[in-house]
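**Q** Sequence:
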Amino acid sequence: MVDQQFINQLLVTYGNYLPLEHIHAIRSRLEATRHDEAMLQIIFSQLKDPTISLILSILLGPLGIDRFFIGDIGLGIGKLITGGGCSIWWIIDIFFIMDATRQKNAFKLMQLL
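All residue numbers for the sequence shown refer to UniProt numbering, where the first residue is 1 and numbers rise by one.
Because the hints were derived from the structure by calculation, they are not lab data.
A quick note: this is a predicted structure, and the numbers were derived from the prediction, not measured.
You may find that some hints are simply not true.
As the list claims (entries may be wrong) - Computed spacing ranges between beta-carbons, pair by pair: (1) Asp3 <-> Leu112: 32 to 42 Å; (2) Ala32 <-> Leu80: 37 to 47 Å; (3) Ser87 <-> His24: 17 to 27 Å; (4) Thr82 <-> Asp3: 47 to 57 Å; (5) Asp99 <-> Arg29: 32 to 42 Å; (6) Val12 <-> Gln111: 21 to 31 Å; (7) Leu113 <-> Asn16: 29 to 39 Å; (8) Ser87 <-> Phe6: 26 to 36 Å; (9) Gln4 <-> Phe96: 30 to 40 Å; (10) Ser28 <-> Ile81: 36 to 46 Å; (11) Gln111 <-> Glu37: 14 to 24 Å.
Note that beta-carbon positions come from the ideal geometry of N, C-alpha and C, so glycine has one too.
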């Protein structure tokens, strides 16, 4: 069983990587998990940084690199083939890629916990 201080430390350190609406559910799963602290540190360190996703989206968005980065391979290929949806998809993704990254992180974390 993991102690509260370690759970708080993880959530403070990686809280920006997760959507706010999932923090309570993740905290509950962390309190009930059988993983040790080292394993949890490894799991959390694999989360993608939403700021990096935004930078990739701004600089390389028409090539779909931002979607490849967060694991949306199909959408990345779609953006690559269409040139970012003739730049419309690219501009829209600039505003939504950070939230998409947080949602992907939460989904990955819920699967592993």
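**Q** I'd like to know which numbered hints this structure contradicts. Please list them from smallest to largest.
**A** 1, 3, 5, 7, 8
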